[in-house]
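Protein chains in written order, with the numbering used here: chain A, 4 to 636; chain E, 27 to 126; chain G, 185 to 662; chain F, 323 to 437.
Check each hint, because a few of them may be wrong.
Unchecked claim - When the alpha-carbon atoms are kept at most 27 Å apart in a straight line, the in silico DSS-like pairs for lysine-lysine are as follows: (1) K166/A to K28/A; (2) K125/E to K333/G; (3) K606/A to K114/E.
What the hints assert, rightly or not - Derived coverage of chain E by chain G (criterion: at least 3 residues anywhere in the stretch with Cβ under 8 Å from a Cβ of chain G; other residues may be distant): (4) 60 to 66; (5) 79 to 88; (6) 94 to 102; (7) 105 to 114.
It should be emphasised that the hints constitute simulated quantities derived from the structure, not laboratory data.
All residues carry an ideal CB built from backbone N, CA and C; glycine is no exception.
Chain residues, written in single-letter form:
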Amino acid sequence: MTDIFWIIPLIPGLSSLILVIFGTKLPKKYISIQACAAVFASFVVSVISFIGLKQIPHEAYPLIKNLYPWIQSGDFKAALSFQFDPLTAVMALVVTGVGFIIHVYSIGYMAKDKSYARFFQNMNLFTFSMLILVMGSNLVLMFVGWEGVGLCSYLLIGFWFEKHSAANAGKKAFIVNRIGDAGFILGILFIFIYVGSVEFRAINEAIGGGHITQSIATLIALLLFVGAVGKSAQIPLYVWLPDAMEGPTPVSALIHAATMVTAGVYMVARMNLLYTLSGTAANIVALVGAITAFYAATMALTQNDIKRVLAYSTISQLGYMFIGCGVGAYAAGIFHLYTHAFFKSLLFLSAGSVMHALSGELNMQKMGGLKKYLPRTFPVFLIGAIAISGVPFLSGFFSKDAILTSAFANGNYLVWALGIATVVLTAFYMFRLIFLTFFGQERLDPEVKKHLHESPPVMTIPLQILAFFSIVAGYVGLPLVFGKKLNLFGHFLEPVIKVSHEAHLNLSTECLLILFSVAVALFGIYLAYIFYIKKPQTPHNLVAKFPTLYKLLYNKYYVDEIYNATIVQPMIKGSEFVYDNFDLKVIDGTLNGSAKTTGFFGKFFSYFQTGLIKDYALIFLLGVILLLGYLLF
Amino acid sequence: MVPTSYFIILSAILFVLGAFAFFVKRDLITQFLCIEVMLSAANLAFIAFAKSASSLDGQIIVIFIITVAAAEAAVGLAIILLVYRQKKTIKSEDMNLMKG
Amino acid sequence: MNSLNAMFPLLTLIVGALLVLILEVSIKRENKTYLAFISIIFLMICGFFCVQSWGKDFSYFNNHLYLDNFALFFSIVLIITTILVTLISMKYLSLQNTNVGEYYALLLLALSGMLIMVSSSDLIVIFLGLEVLSMSSYTLAGLKRDDQKSSEAALKYFLLGSFASAFLVYGLALLYGVSNSTSIAVIIDHFKTESSLSFMAFAGLGLVIVGFGFKIAVVPFHMWTPDVYQGAPTPITAFFSIGPKAVGFAVLVRLLYPFWHVAYDSEVIFSLLWIISALTMIIGNLIALRQTNIKRMLAYSSIAHAGYLMVAILSQDTSSLMFYFVVYLFMNIGAFAAVIALGKKDKEYLELDDYAGIGFKYPWIGATFAVFLFSLAGFPPTGGFLAKFYVFSAAVREGLVSLVIIGVLASLVSVYYYLRIIVYMYMREPTHEVDINLENPALFLVLFLCLYGVLQLGIFPGNILLIIKQAVSSIAFL
Amino acid sequence: MIELFLVFLVFGFVGALMVVVNKILGPRKTNPTKEMPYECGSPPLQEGINPFPIKYYLVAFLFLLFDIEVVFLFPWALVFKEVGMTGVILMFAYIFILLMGFIYAWKKGAFQWEK
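The following block holds chain A by itself, in its conformation from the complex (with noise of 0.2 Å):
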């Protein structure tokens, strides 16, 4: 049963090629049935590969199947075949199984859209080639489906291009992912000149075999990393991903959370030997990681967009995968790419579910006091938020303290301390986003609330589904105090995952690593309570009410402003200044001014083409005479 993996990637495609055909002529249930059908099959035969794969010996790593030597120049050879081992399994099971609920939820979500078969035709098109991405044996195939995810991402960004917004983001992202692209080929270029193949066991044998020089192997890592940075929207190349939002939700839920940005972690995930064998490379991994981390959780403080602040979430949780990786614990980053998945989408969806119940309202001052309109969707956005936050016993908990106790361990305390900053920022945008949508009086527009109503089940189904994976999710993966057979994840993964200098602390210090971490992401979500829930309304009342506590109360109005002085106004006033001069002046400076550069000299160039046969014929004379003197002298 474990031959059969090969077709994963091929029933989307297929299906999606039959939605190009024919989509048109289709009635919007067939088409509905036929996509999800598709994803949910391929989801299946990833079960059946995933159980075959646990039985076989771990030297049978990594199965192979070869379709079609797909390329053979000289001895540069690309194979068309696909690999299945522990990663992969991993991945193709998130890919599939997260995408099959996702396609669900859109069934409900896109109902109303007059180009429905366009977009399963394309997220069919993503799955098929998110898979060819995780499931190549070979870097040229991984390549093949990089580019694929990109493009899809960009029509699916740019689905409602009616609006102009909507087309610019998509084109943003699109140049955006270009640059890093830049640098992933040619780190392919380079593995190949030092390798000579690109096939994945081959350049782990060379760098088994040490054929690979510490320094080149800097080299190649960085080039890979610079595509990662695009396609994972770490600093600096992060900016496309907020404006990505334009795009539907169930798509920023599939693409910008779940799947297509984890590519990244995922190739230096699948490169470690590279990555651990130059140490430069994983530090800066870990760094550039560890900035984005915080730096984006900093600006999801200030904004009122919902999507927006999933968005930065998305970047920030990324900077956590890419920590694990840098930190050698590529287990760990894996471990929280997968739960992510889970509680991220889930995030997304029931904001998107929120937007369905208020005719696309995106604004959380516009909302307030949801909770008792929304029974379906207020927990499960709940359960996300908590698990995203780190609270014990869900999902997030486990994966997000598994890296930071592998970042403490491995002595890079500045990225621990990076990493724990960011809990306490995390969990307090999120529950400033849960308290501000459904708890507080109601800021609704009148016109808004006249027809709220909550989503219909095929939506808040799947919302269910995700939540109750967010919180057991977890439980693959221990940590290590409960000793080190019980992280089944990792030890899932170590056939692939061959690093071995995972430090080890003894058990008090780990303990007080977890509990130092529960405690600030309390400590977070403490603060968001005072702020959003107490705060407003409270001092007035009292006063009304209970003129004796006035005192004490007053000193707790104090106090609140203390705090409010001291901690969140620097914090939010800095990400404030953050966000407007950094990120909207140099960064999308940059990209525009490159742009502009590139136009500028095609305007300069294009000036001599006048059009005159004796101008052209001038500059063929330069041409000759330059040419002369260059070879006489």
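Put chains E, G and F on the given structure of chain A with help from the hints.
For chains E, G and F alone, kept in the frame of chain A given last:
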């Protein structure tokens, strides 16, 4: 006995003159004649080399080139006529419908 | 093997051309399609001869005409090009009142000129072939006789073209003076005997490179390209964008490959071509950014592609060059066919705005055009990706890393303007009514063939690579 | 061959210089009087060149072509004995091609003087 290099220098002078006259002149016919000058410069060089190497190939080649030049003349003049019929001018500055 | 078989392809073409001419003048029919079919038949026969003599190394005129597999490969590529161009021309001629039968005869003659060029290794014969090609091209460019742009294009092409060929001839004269011969092999051997290249030799080589550099349109000898491409009838533009380039590069291969093995002084030429190639990639792509006329944009893009091909020349990897040409043939003719498809009686849609919303109005044309553009931009899994990949990886193997980096960046720039057309086709509301003439089976056949070719080469390139390997292994440098 | 190179260099640069200087310094404006051909100061009575009818050009081209092609007959005559039968065949093929061209021109009506 005139040394070959003299012929070569003469042909080089002819060639360069033709080349520069090509874009100094503003009249299509004249520009075309400049090209003919360049071609005959090449012919001169061929003949001179053939003579110095006392081999016949060069002279045959010259015949080929002359033929080609004649054919080019026919095609070229036809095209120039076509343009003249449309624009009533053969100034090369006026041929600027397409640019940029 | 010295045998008259070497003549058959050429004879076929010439007989065909003459027959078409005579029929044109003797049977005065308004509908010229039958001439197209006649010329296609002759092209097929010619192709048949080429396939027959594969691997037999026929030669004639004591090796002034030598059909090694290299020559045959390019001949077949060019024959396919001409067949496709003939197919896309049929309807076009009657729609855009270019309705002259000489058109097909001239195509055949141009093709014969190109066959002479690729299958000879004597520079004078190559020059004669070049002139046959050029004169037919000048006339073809001006065939839209009452369109001012067309005749202006013909004029510019003619003047600058013969200007360039004058340089070529003078270069030949100098080389002849150096080595008392015009056969490439003899010239190179003579170089080998010398201790270092004389001024004359350098000047001659330089001028020859200039002459062919004009044909393949590399910077700074590219100025004519956009104007000629824009003015000429669109099928002819498609023809220009492939035929002359292919032969130019074939000749450069024949000329330069033995030259690389001249131990001394070859690196000067090498660095020169390095600069030219870099400039071509950069400038071509940059100017293409700000074009709004599709034909003009494709012209600049073809300049850029010449730059990539120069990279292949520099990395001395003929197979990647040839593969690039096969792919380039399909994707470029396909793109031009899609452009032609958007036309009706006396009206071509060439501005970017005309393409707004085409993707939904004519889904099939839009989708195929998009595929060709993706291929030109070098996206997997189209052939364009593999072609670029081969060229660049070969270059990296030769250690031309910096040039490859320039190339990759340039092609990143190029993605933008290729993509802009797709954005217009799928993401803009049409500004004005665009209705096109759809009963054009030959054109759609071509679109389909090219689509098939691009995808086949992108996904299953195996077989063609084997053929190319045979062809490369047998390049004869006589 | 140093002279050759010097010639290239000197003429090249001097010529380019002149042209560029011209482009920079020379005034570009022109007026009808300036365009007028100079006929001893008196204004010209008619167009400088009164265009020939197109027929002249046509005949001239054809004459030029067929006249030049004949030039190949002389070398053939020189080596007639050596090349022998093959030469005859090839030359006849050559003549045949020219003949076809001639017929084409004829049928096209290039020779009929008045329509």
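Verification of the hints:
Straight-line distance between C-alpha atoms of K166/A and K28/A comes to about 26 Å, which keeps the hinted pair within the 27 Å bound. A hinted pair counts as satisfied when its Cα atoms are at most 27 Å apart, and K125/E with K333/G qualifies at roughly 11 Å. At roughly 33 Å between alpha-carbon atoms, K606/A and K114/E are farther apart than 27 Å, so this suggested pair is violated. Counting residues of the segment 60 to 66 of chain E whose C-beta lies closer than 8 Å to any C-beta of chain G gives 3; at least three are required, and the coverage claim holds.
Coverage of the segment 79 to 88 of chain E by chain G holds [criterion: at least 3 residues with CB-CB distance below 8 Å; count 5]. Using a Cβ-Cβ cut-off of 8 Å, 5 residues of the segment 94 to 102 of chain E lie near chain G, which meets the minimum of three, so the contact claim holds. Given a C-beta distance limit of less than 8 Å, the hint that chain G covers the segment 105 to 114 of chain E holds, as 6 residues qualify and 3 suffice.
In this structure, the one hint that does not hold is number 3.
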